[in-house]
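Chains as they are written, first to last, in my numbering: chain A, 66 to 434; chain B, 2 to 864.
Certain hints may be false.
With a straight-line Cα cutoff of 27 Å, these simulated DSSO-like cross-link-like pairs (lysine-lysine) come out [unchecked claim]:
(1) K96/A - K157/B
(2) K86/A - K582/B
(3) K94/A - K552/B
(4) K427/B - K155/A
(5) K82/A - K569/B
(6) K16/B - K373/A
(7) K90/A - K569/B
Here are the computed distance ranges between Cβ atoms for each label pair [to be verified]:
(8) G361/A - G66/B: 54 to 64 Å
(9) N84/A - E461/B: 51 to 61 Å
(10) T420/A - I837/B: 16 to 26 Å
(11) D383/B - S360/A: 51 to 61 Å
(12) R386/B - R402/A: 29 to 39 Å
Listed next, the stretches of chain B that the computed footprint assigns to chain A, with coverage defined by at least 3 CB atoms under 8 Å from CB atoms of chain A [what the hints assert, rightly or not]:
(13) 129 to 139
(14) 489 to 503
None of these hints come from the bench; they were simulated from the model.
Remember, predicted model here, so these are calculated numbers, not experimental data.
The C-beta atom is built at its ideal place from N, Cα and C for all residues, glycine as well.
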Amino acid sequence: MNELSKKIIEEAKQYAKQNKKDEKKVLEKIKQIYQEMRVEPGESVGIIAAQSLGEPGTQMTLNTKNLAGVAKMNVTVGLPRIVEIFDARKEPSTPMMEVHLKPEYAEDEKKVQKIAAKILEVKIKEIIKNVSIDLINTKIMLDLNPKKLKEYDIIPKTILEKLRKNHEAELKAGTITVTPKKKDIGAEALYRIKTKIVETYVSGIKGIEQVLPWKEGGKWIIKTLGSNLKDVMKETDFVDITKTTSNNIYEVASLLGIEAARNTIIKEIIATLAEQGLEVDIRHIMLVSDTMTASGEVKGTTRYGVIKNKTSVLARASFEIPITNLFTAAVRNTQDRLEGIIENVMINQVIPAGTGLPRLMVKKRSKKK
Amino acid sequence: MRKIIRDKIGSITFKLMSPYFIKKMSVMKVISPELYDEDGYPVEGGLMDPKMGVVDPGLRCRTCGSKVKECSGHFGYIELARPVTHVEYAKNIYDFLRGTCNDCGRILLAETNIKKYLEEMEEAKKNMGEAAYWEVTNKIRKKLRNASKCPHCKAKQDKITIRKPTGFAEDNVKLTQIDVRERLEKMSDEDCLLLGLNPDAGRPEWMVLTLLPVPPVIVRPSITLASGQRSEDDLTHKLGDIVRTNQRLWENLNAGAPEIIIEDLWELLQYHVTTFIANDKSQVPPARHRSGRPLKTLSERIKSKEGRMRRNLAGKRVDFSARTVISPETMIGIDEVGLPVEAVMELTIPERVTEWNLKHLKKYVKNGPEKYPGANYVITPDGKRKRITDETKKVILEELALGYIVERHLINGDICLFNRQPSLHKMSIMCHKIRILPYKTFGMNLCVTPPYNADFDGDEMNLHIPQTEEARAEAKHLMSVHTQMITPRYGLPIIGCKHDHLTGLYLLSKDQKIPRRVATALLAQAEVETSLPVKKTYKGIEILSQTIPEKINYAEKTITCQKCDKCKEEKCEHECFLKIKKGEIKCGFVDSNAVGAGTGLLLKKMLREYGGKELVNFLQKITLLSLHYLDYKGFTVLPSHTDLKKESFKKVKNELDDAKNKTKKILEKYEKGQLESLPGRTVKETLEVNLLTTTRKTRNKIGRIVQKEIKKDNSLYVMASSGARGKLVQIGLMSASVGQQSLRGSRINFGYRDRALPHFKKGDMSPEAHGFIRHGYKGGLTPTEFFFHAMIGRDNLMDTSMRTPKSGYLQRRLINTLQDVSVNYDQTVRDSGGRIIEFEYGEDGIDVTKSQKGKLDVKEVLK
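Bound conformation, chain A alone (with noise of 0.2 Å):
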């Protein structure tokens, strides 16, 4: 701590090199001015950084959905895209991964594309033409889409072996014919089979439900909607796994751990906040995202996550549900030391923070003269 980060460093010396300058001189300069420029012990920055994020939310929209490039994918931004992240939810209402490609793979687009076509989730009615349902033999006919197979590069074969786990099914120029195994059921239950037939999983990764070949810095990377890092990562012949990234918070922490979670809040809330063309230092971010991590698990902003597990139960009590919040520290004797700042301001006392931090020790005089 108080060092210099090499890069400043290295600035500093290169500066000294260019205006030749003493770089002694010139190095113990800016050793000062970095100490000058340090926060000082009592700032508040927890209060500084809930403002500096809370601020800009009054300017952001609250339309939910936009369309982010050419193509045009939904995606949560705005207020309530920042208020999920915050809130720590488990599923993000659009969750997305961007899949980065092996070296060998990311200059190429057809390759880019191919591998779009196979990641992606493909159930039987997006390469069908057509069902119909012959209710005398109970029998559903599939009409094949020969353009879409050859898109998606599948094969009928697959499709019948999906199919035949459940049911009886045949092929028969270009018509897959699916005799369910139960006998005698009634024009309903056939219903029923059809449309869970039309929404089976024939191949890709499940959970993709849109690719989107997207170039970023020369290089072609896949921005998917829906979100299954764990498969992905799986599919280690053509993903980069060091660099493919989901939003979904709870998904990176199961899968990469804790300071991944933490990157991602951060990572997302700054895209969020850019997309609204709002700037927020990133120390004001990475301090909640560190809040919201620091115990080893995901911690929303609320009730049920960060506050919960506060020390003092005032403080608690003056966020929400006081009642129940005082009953259960009476029954657990639970001793409030008043450490924070709401339980002094409740009970007028000087808060710890600030000008109220230093406090005064008086040494015992020894007794021996």
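Use these hints to put chain B onto chain A, whose structure you have.
Chain B alone, transformed into the frame defined by chain A:
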């Protein structure tokens, strides 16, 4: 002498209240439901007994003998004829009953399991703290819910059910509160702990009340109406019900009444005690006032935004505050605030009499409260407060000596805190110096409006006068305007030039010929002390340079920057580069990038070189210079500023027609089914996207035509390119075409069936039918265009009004989670429990307000 060292509350512990404790803290037993006797005096042993404190002025408390404000009240108690369950503990009791044996009273866990769980609890405490420790007990409770056999005495356990909210039944036979209490009495301390009741907090049987504490009268003061009638507090009403029922129950018990009557009364008592504690439990009809309004009892007093917690404890009412409308005051300083005399004579500052100010303060006392500058009160050394009146004035003047405190009127230069709600960030409350002005509003400099987010369309603001030396010192040194120039959000000055200031500076920078007479007058009006070289005429930048201190070197692009491939800096042909060398402007013009609020890089630089006070000074000078220059030059916007030349108009028309053709082609293609869909989109969506991009392109083209034709001295152009207000594009909206109205990223595609407005044919996909506005604002919109425009307007309005409460709650939550997080002496960032959040703030320990845009910019710093 007043006590200097005050005792400090070190901690607060929450416990259960034992009947013994209730009796001990009480001064009397309440036995009578009557409040007052026939003569209007409180009944002895009643709920308004003066032993429990007094609320009427003049009366004395019969316990401690002090008067109304001195006595904080004393508790009483009611001896309940039969025990009654405490609602808020019903859930706990339920778990205890299910978790313990109905025969031997032990916990339904085998010895080995008890040991195991105790170890688990200790382990959890060691690793994760208190909360985790108790989490284990929740687990035990859950586990024991359906235990069917006691591992200790092998007794069979019947199913216990809760009859909400306070009743219990075993095997569908009602357990009376006495039964419940007996069971709870049997529990051992260790078993309590395992079930989540800390033995230090108390005994489980205390959750079934036998004595009910009666809060002192002060807690439930009665109000005397204008008609002389007394109106009692809700709590008194409720307590009255309890005492009445309780007395009847006593009588019936003593008389040996039949079981049914006693049970009915018992249940009624339970109901009254339940609603006394919480009147919003589900399955309990809320107790009502005679008027039908639900009573506000104990838990409602604490709860919610208007409750004790948030209304009276987390925020408190203050004295010495003021509130009125604000208005602009150009001629006062940025760190000043204009106050009307009326306010100044009411708000006072306590000033201690010393050798040096005795004479001075005597003058104030002589003036009294009616004449400014005077004083309202004098506080004697023994703490007595005396109002200065014509009668008392003479005596006070005579006795005034060292050690007295005079509460004098405010004078120019005193400090105050100025605030506008919503207080979203720390710059919403700042410390200003007082300036007494002859109006009835608070006056403030325009430059200081951005941190408050204030305007003058009727906004009101609050003002507070700190009353102690410490408060004043902290306010002055930590909250003064000049210490809050930079927003910690992104590290740029939030206080700076706005609107007309920027227009003026732009025009002044561009002015090449200012006669000496005018130049000297301008500088004099702006209070710039300088020696101008004697010349006939001056350039605008020369005059501006007079205000800039010597050490300033600055080189940045202006907002008009054309974004050329390579910046030619000072040789820029568009004059889009501002260069200042040693405090002298070499080229370019001063715009919002340099001095604007929230963007001013030049301001940031000045702050670092010279500090906040000097920056405030500088801002004051340039704003005055700018405004006086505008006075001299004149500045206005005419309708003709949005006029277009005939040729340009034709060009615009061509563009619009061109767009029409293009969209037609796309539509034709779509109708023929030739349109190819974009990846992941349907054909219809693709059509929408295509149409939207076409109209967007047209708008950009039209914008360019208008920008090309506009003259440099056009006032709208001046405002846009100085950053004062508006964008260049908006000139196009006025003079040429408003363009496509988009709603949430798409055209307007709803309304009637298959069409947005009934003026169009069904299924019409053309731009006109979906919100394309061909005309400009000045030319006027057609009725259908007007409707579309109004739709967008309404959508925006809705958006704003729904957003405010949402973002407000977000902010409250963020503040609540992060309020205890602060930097410690070892530079770590910790919360109130001492848990480390970050080892070094922001990974580098840099304070955003002291940084160069959040970084340590080596080159910038060393220059």
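So, going through the hints one by one against the coordinates:
1. K96/A - K157/B: violated (76 Å)
2. K86/A - K582/B: holds (22 Å)
3. K94/A - K552/B: Since the Cα atoms of K94/A and K552/B sit roughly 19 Å apart, the hinted pair holds (cutoff 27 Å).
4. K427/B - K155/A: Measuring from Cα to Cα gives roughly 33 Å; hence the hint is violated.
5. K82/A - K569/B: Between K82/A and K569/B the Cα gap is close to 26 Å, so the pair holds against 27 Å.
6. K16/B - K373/A: Roughly 20 Å between the alpha carbons, so the hint for K16/B and K373/A holds.
7. K90/A - K569/B: violated (33 Å)
8. G361/A - G66/B: 54 to 64 Å: holds (58 Å)
9. N84/A - E461/B: 51 to 61 Å: For E461/B against N84/A, whose Cβ atoms are near 54 Å apart, the range 51 to 61 Å holds.
10. T420/A - I837/B: 16 to 26 Å: Roughly 23 Å apart at Cβ, these two residues keep to the hinted range, so it holds.
11. D383/B - S360/A: 51 to 61 Å: holds (54 Å)
12. R386/B - R402/A: 29 to 39 Å: Check passed, 37 Å falls within 29 to 39 Å.
13. 129 to 139: holds (count 4)
14. 489 to 503: That given contact holds, which follows from 4 residues of the stretch 489 to 503 of chain B lying within Cβ reach (below 8 Å) of chain A.
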